[in-house]
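Fit chain to chain and form the complex, with the hints in mind.
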Amino acid sequence: MRIPTLRILFGKKASAASPPKDRSSVRVGIPKVLNIWSTHQFWVGFLTALGIAPENIVFSSDTSEEQYREYGKGRGTVDCCYPVKCMSGHYGELIFGQKKKIDILLSPMIYSLPSFLRGHVLDTLTCTRVMAGPENIKAGFLKERDVFAENGIRYVSPFVSLGEPEKVPKQLHLALKDVLDLDEEETARAVEAGYRALEAFTQKMRQKSREILTWCARHDRPCILVLARPYHMDPGIGHEIEAELQAHGFPILWMQYLPIDDDLMQWLFGEEIRAGRIKSPFDISDVWPSSYSSNTNEILWGAKVAARCPWITCVIRFSSYECGMDQPTYTPTQKIVEASGTLYFKFGDLDATKPAGSIKIRVETIVHYVEKYSRDLIRRKLAALPPRCPLLEDAAPTSESASLAA
Amino acid sequence: METIQRINHYTAYRPRPFTREERATVTILFGGLTWKHERLIQGVLHNLGYKAQPLPNITRADLDAGKELIDVGACCPTIFTTGNLANFLKSEMAVLGRDEVMKRYVFLTAGACGPCRFGQYHESYTMALDGLGLRDFRLFLLAQNQLDQGATHGGGLEINLPLSLGLIWAILCADVLTDLEYMTRPYEIVPGETDEVLRESIAYLYDVFRNRPPEKLCGGKLKVFAWHVLTDYFTDALREVRKRWDAIRVDRLQVKPKVKITGEFWLQTHEGDGNYNIKRWLEQEGAEVIPPPIAVWLDYLLHSPITSEEWKGAERNRKKIALLRAVEQIYHFVYNRFRKALGNLPYELPDQEELKHLAKPYYHYELRGGEGHMLVGKALYAYRHKKAHMICELSPYSCMPNTMSIGAMANVLGRYPDLLYAPIEVKGDAEVHALSRCQMILTEAKRRAHAEFEEVLAKTGLTVEAIRRYEERHPEVQRSTYRIPHYGYAGTAANYVLHLARKMR
Numbered sequence: 110m111r112i113p114t115l116r117i118l119f120g121k122k123a124s125a126a127s128p129p130k131d132r133s134s135v136r137v138g139i140p141k142v143l144n145i146w147s148t149h150q151f152w153v154g155f156l157t158a159l160g161i162a163p164e165n166i167v168f169s170s171d172t173s174e175e176q177y178r179e180y181g182k183g184r185g186t187v188d189c190c191y192p193v194k195c196m197s198g199h200y201g202e203l204i205f206g207q208k209k210k211i212d213i214l215l216s217p218m219i220y221s222l223p224s225f226l227r228g229h230v231l232d233t234l235t236c237t238r239v240m241a242g243p244e245n246i247k248a249g250f251l252k253e254r255d256v257f258a259e260n261g262i263r264y265v266s267p268f269v270s271l272g273e274p275e276k277v278p279k280q281l282h283l284a285l286k287d288v289l290d291l292d293e294e295e296t297a298r299a300v301e302a303g304y305r306a307l308e309a310f311t312q313k314m315r316q317k318s319r320e321i322l323t324w325c326a327r328h329d330r331p332c333i334l335v336l337a338r339p340y341h342m343d344p345g346i347g348h349e350i351e352a353e354l355q356a357h358g359f360p361i362l363w364m365q366y367l368p369i370d371d372d373l374m375q376w377l378f379g380e381e382i383r384a385g386r387i388k389s390p391f392d393i394s395d396v397w398p399s400s401y402s403s404n405t406n407e408i409l410w411g412a413k414v415a416a417r418c419p420w421i422t423c424v425i426r427f428s429s430y431e432c433g434m435d436q437p438t439y440t441p442t443q444k445i446v447e448a449s450g451t452l453y454f455k456f457g458d459l460d461a462t463k464p465a466g467s468i469k470i471r472v473e474t475i476v477h478y479v480e481k482y483s484r485d486l487i488r489r490k491l492a493a494l495p496p497r498c499p500l501l502e503d504a505a506p507t508s509e510s511a512s513l514a515a
Numbered sequence: 003m004e005t006i007q008r009i010n011h012y013t014a015y016r017p018r019p020f021t022r023e024e025r026a027t028v029t030i031l032f033g034g035l036t037w038k039h040e041r042l043i044q045g046v047l048h049n050l051g052y053k054a055q056p057l058p059n060i061t062r063a064d065l066d067a068g069k070e071l072i073d074v075g076a077c078c079p080t081i082f083t084t085g086n087l088a089n090f091l092k093s094e095m096a097v098l099g100r101d102e103v104m105k106r107y108v109f110l111t112a113g114a115c116g117p118c119r120f121g122q123y124h125e126s127y128t129m130a131l132d133g134l135g136l137r138d139f140r141l142f143l144l145a146q147n148q149l150d151q152g153a154t155h156g157g158g159l160e161i162n163l164p165l166s167l168g169l170i171w172a173i174l175c176a177d178v179l180t181d182l183e184y185m186t187r188p189y190e191i192v193p194g195e196t197d198e199v200l201r202e203s204i205a206y207l208y209d210v211f212r213n214r215p216p217e218k219l220c221g222g223k224l225k226v227f228a229w230h231v232l233t234d235y236f237t238d239a240l241r242e243v244r245k246r247w248d249a250i251r252v253d254r255l256q257v258k259p260k261v262k263i264t265g266e267f268w269l270q271t272h273e274g275d276g277n278y279n280i281k282r283w284l285e286q287e288g289a290e291v292i293p294p295p296i297a298v299w300l301d302y303l304l305h306s307p308i309t310s311e312e313w314k315g316a317e318r319n320r321k322k323i324a325l326l327r328a329v330e331q332i333y334h335f336v337y338n339r340f341r342k343a344l345g346n347l348p349y350e351l352p353d354q355e356e357l358k359h360l361a362k363p364y365y366h367y368e369l370r371g372g373e374g375h376m377l378v379g380k381a382l383y384a385y386r387h388k389k390a391h392m393i394c395e396l397s398p399y400s401c402m403p404n405t406m407s408i409g410a411m412a413n414v415l416g417r418y419p420d421l422l423y424a425p426i427e428v429k430g431d432a433e434v435h436a437l438s439r440c441q442m443i444l445t446e447a448k449r450r451a452h453a454e455f456e457e458v459l460a461k462t463g464l465t466v467e468a469i470r471r472y473e474e475r476h477p478e479v480q481r482s483t484y485r486i487p488h489y490g491y492a493g494t495a496a497n498y499v500l501h502l503a504r505k506m507r
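Chains as they are written, first to last, in our numbering: chain G, 110 to 515; chain F, 3 to 507.
The hints are simulated quantities; they were obtained by calculation from the structure and are not laboratory data. A couple of the hints might just be wrong.
[To be verified] Distance windows between CB atoms, simulated:
1) F:Ile332 x G:Gln375: 46 to 54 Å
2) G:Phe205 x F:Arg504: 56 to 64 Å
3) G:Gly450 x F:Thr61: 36 to 44 Å
4) F:Phe227 x G:Phe205: 54 to 62 Å
5) F:Leu303 x G:Glu273: 14 to 22 Å
6) G:Glu308 x F:Thr61: 52 to 60 Å
Don't be surprised by glycine CBs; every beta carbon is placed ideally from N, CA and C.
The following block holds chain F by itself, in its conformation from the complex (with noise of 0.2 Å):
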């Protein structure tokens, strides 16, 4: 023992234990999604006795935060969530203290078992700490792709079903929410009534969550499933929810080029600087935004495993990926409960086969890291479905694996020339670039959605003022809960005046 004590060698970080007895006293931090998500998260972690508190949002002043503190070279969610977390924590110091701020707080964020550094962005924020001279707080991981991780360290934070299905279900509803606060948003009539009554929404959702009831989350593991999975209780709620959304009115007559956006995972589903307000700002220029759903990622993580038993022998592992398979669906099942509770508004699923089938002849399915070859699979997913007019591919500046699914995309570029693509290379701090980069290929999706647009008046023989006239005979069409079915067109005023032109038939 001697000899080791002459030399003191390095260690990483090691969280000291975050104990049950401390649940009351001690809150979880978290963040890395949107306001909405994070909100209904916070209320199913309330709903099982734990304090929690999400991240205020990112800002600029993160960046700068990040950059001091952690090495050079990271990408900007690393620099961004880094300093994110420091700033909180430097603020809650100058009100509390140091030793107070250690006691009071944990911070939980996703661990990634794959190649990317998204599974080492802990080390940054362990630099970050020690930089704080906060190297005793403690900071925990939560495997994404386990349900069931018992205990952490100490047993504070108990991962089981409970919380790991409230968890997904929080997500699955705040995306569907999202869809819908997309959609209609930049076709209201009463300018910021989207808002408010997203922000209703998402006040009532956080009491569906905080308010689960008890006795259905005790009991055997396959208990508390199937009352997930089965329960009334959520899409009640959505569709009082759907009720509150019936009160805005909208025009679908503005002719708006749909953007679907895609990307790394923290980028592309960030609202705020970290990817200058991108949404925003694309809806500002006169466009429509689809947001890209966690519920895309998740289904991503259920559908891997089928294809890696698929590919060791079908044969062999039949009832393992029958098993497999009989999880993927009631994932769906449970999706599309949530999407028919707001009237089937929120976009469905992209099937995970189809979008392997697509990126096929240029990125491998097996090569993991980022969103892989997702990245391909819904920019083609979108082009040739006419879902969208164009695709923004939200990618950290230095992403490692964005980086090449862009590289790849050249190839489908090349097949596909009139594929509306805009990869954003976002750093954080270079905004004035990035979004007149994505400005240029915006003027062009204008281009053809008014040329669509153009198109269906011509071939329906229906003028504006004849559809204005409709409108005023038929004020439900003029809801944002209408459904407009799509007809091959990627623009929602095409669609609609599609339509329309049908029911006046």
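Okay, chain G solo, but in the shape it has when bound (with noise of 0.2 Å):
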């Protein structure tokens, strides 16, 4: 028989809701690979939701040949595109390189992308290569023996539709309720907090983009997009051939994070709507019919708006070798930037070495163009838009976007 105790009589009812679970130590190790450089955010925002301490949120470092050769030799199982297969040298580099002990791995499959374009294409899904390459990869960390086993590493690669908001909860409480001792209620809480974060995220970018476009604008000078995929922002993988250009005097913009302002769109492509050309402005069918690629398509939209936008009289295009999402996009991309004059460079076949000599060459070739034609060709481009511009009718832009831009 039970005594009663005075703690038993008159103690505090345990509450019904399990207590808030201790995760603030365990470690949790991401490849810095493909789509992560567009969604880092997400993970970021949904594993600290999840009580994940913010330092125990480990990302692998830039892509490097020596961190290949250190970690990854030997892993490879297939021969492909270098974004895809530098992933082992990444994976080796969480395994081994730490000092402190990761306990997950997390490399997520993921099917699809949040795109503001979504809703205007076919579909947002990530290149095949990209979805699958953890199923690749892992192969290489498991032919003999369990490497992450040996290591007391739980690998993680959960398939997720990001594309799909409301897919993802359950696709991240199946793959991590085991892991992570996780119900469907705070997975789905996590969930949106990793979408807010990732939206801040964009939208201070997007917002910084606009700032150096208004500074452009408001000071007749030009400046240069970069058409690529999001991994290739890693020094590894795309050689920061913008970097060189940039320190030419030419501000930088990525595609991937250009304003998409209602005011600046329709400035852009509002003539084009009312002809019934497109339906609205992140419309590509005139271009690009078959929207399936998330990445491609923003590619491809990225070239209509630098051909129509002013003070954008360059783009440069970088292209991993062997990527075949980029292989059928190349001539497209060509003609729709060159239809309005616009400068247009590709530095195609990229791979692990940074091919230094030929950058330098042809970074002072573009300069020298740019510099020669970006007067006449934003003359030109300014004459064929309406008059009114809503970057010249902005607030003067902050002194940091100024230094930025400068």
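The structure is reproduced here in structure tokens:
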């Protein structure tokens, strides 16, 4: 028989809700590859909302040949494009190269992406290699023995359709429930937090881009737009070619973060919408009917913006060796950009090694042409647009953006 | 409006309409499958009053033409098929002139709704047309996952149930006949007999599709569908075909390794220069090939929505799931009827759920593009059920989805080191390299085929001479249409000996 004590008689009853789970000491490693470059804020927001301490969310370093040599060598299972192949180095670095060991290696199979073009295009899927990359790379760490288990790491690779937010809570709950002891409700809340974080970051970056464009408009100065996939922002993949151009004084914009404000979009595309050529500023069916791939769609849309926006006088296109998604777009993208005389330069077949010499020569060529033709190009493109440019009606740019642009 | 006129912005290719009135004068070009499938498809199109013509079979010259016309870095199926169309149009232009070619022909090809660049092939075609000065040539896409898409731009081509079901039925009939072809030819006693009977059979089946009764193709959709599913029209025709194959005599005591072909859709289906004629080459090297039926791909397309709906919630979508399952079952019912009409000789379709289950630890079933998890699933299916000694996976160089599943296969091979797997990367112009790679694995497959044959002889106590004597007394066992059950050995010869041993008992 249980003996009544003061504690039992008067003690506070336990709440029906389970106590918050303490995950603050769990360390999660995320390979900084592929579409993590455009969705990292989602993962940070999601994991933080689950109680994982920000300092315990570990991203692998930027891609480098050394990283692959040290951590990924011998783990590759097939020859493919470098952005996927280099993942072995990232996995290896997270497994073997951490002073403080990670508990979980989280490498999501991102099937679709959130995109501002969603609803205007057929789909926003990722590349087949991008979505399946983790299945390919993990094989290199399992084919002989389970390297993850040997190192006390749980490998988790959720299949996740980030382009369809309604599916994501269930997908992540199913994949992570055992690893992080998750319930459905808290997963849903964390997913919301993830999307909020991603949206806030994207908005901020778009605003920065608008400020740069405003600065260009006010000072009648050209800027250069990068058309590339998100992971070309990785210095080991894109080789920082745009930084070399920026060093010559040209502000650089990335297509992923171009401003999409209504006033600017109406200024650039309004006439074409009214003429019935397109349905909205984000309609790319006039140039790309097979609009299934998210990054491809955005590249095509970026090319359209570049062809119209006066101060974008030059486009540089990055493409990795063996990129099957880029391959069919080479000619259409070039034709879209060059239709308005906008300068177009492609850096194709990018691979592991930085071709420093040829980049230097080509950068000099680009600089020469941008300096020579930008003034006329701006005039010509301005003349093709309605007179009132919303950028010139913006408030003066902040000192921060001015310095960024400069 | 004035502002837009100053800059002439780029627009993508838009075909001018193909009108209903043009049906009698305009020929629909198509291609991409085997000559057998294409001939039966032509029968379907002729049956519905279209002028139709398959493109010539792919040759090495098409690769060269394709490379000249489209952007660098394309996968070889894109290059081959683009070059194929371009070469045909060029040859026609030389005879008819540019304007007449644009007037007389349209090209119909499959579009895809997925992430692989297969869905963007038409971009390459239009680029090639530009290069040939044929910007106004008409090119139309046929979605793979809709049976009733209505009329194309202009109404010249109506993608309705009589057309779609006709195409599917033609593909299934060509598939079962292709199975029969590949299981017969390696063992034929009179060289060339299989090919001759095959040609006759396809010619006969062409007439069967060409003469589908018009009264069965009009009326409600349900009526058209029900007729296709329940009629004996096609099964009777296949029975007639089987009679022709009865005449072929085979020697199944020839010990040959069985090689299952998997891979990227176009390359695995193709028979010709596009894949180095690898199926014929394997036969010449002493193998029996298991060809990949297109029916498995269609089954995958049918099964995927069931999985998606189940994921959303089986309770909530019960009716929809039941309907999709019913359609899937009807599809299997039709395929199995065709198999039965050919004496159950063609291979059964693998269970999609099993493929998914087998591939699960290695490749997620929702990863779309190419054949997805099926490449892993099919290899394991053949291995575990002892359907083949070796898997030959054909992938185009730089194929995006296939490289991923080949990579995942490293994990499979780690667990099943005795699975003989030859992933062959096809560029189109590196034949020696690809075939020698395949030959290395084939050597081991041959050794295994012989080992299992010897094992069966030892187990049954039979000798080749004793079997020969039995064959003399029972010539029916040497008919190509005589069915040898599968007794758990991959090789035909081993199963044959076991079968005869049981009969002799």
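For each hint, the structure was consulted:
{"no.": "1", "hint": "F:Ile332 x G:Gln375: 46 to 54 Å", "result": "holds, 52 Å"}
{"no.": "2", "hint": "G:Phe205 x F:Arg504: 56 to 64 Å", "result": "holds, 57 Å"}
{"no.": "3", "hint": "G:Gly450 x F:Thr61: 36 to 44 Å", "result": "holds, 42 Å"}
{"no.": "4", "hint": "F:Phe227 x G:Phe205: 54 to 62 Å", "result": "holds, 59 Å"}
{"no.": "5", "hint": "F:Leu303 x G:Glu273: 14 to 22 Å", "result": "holds, 20 Å"}
{"no.": "6", "hint": "G:Glu308 x F:Thr61: 52 to 60 Å", "result": "holds, 53 Å"}
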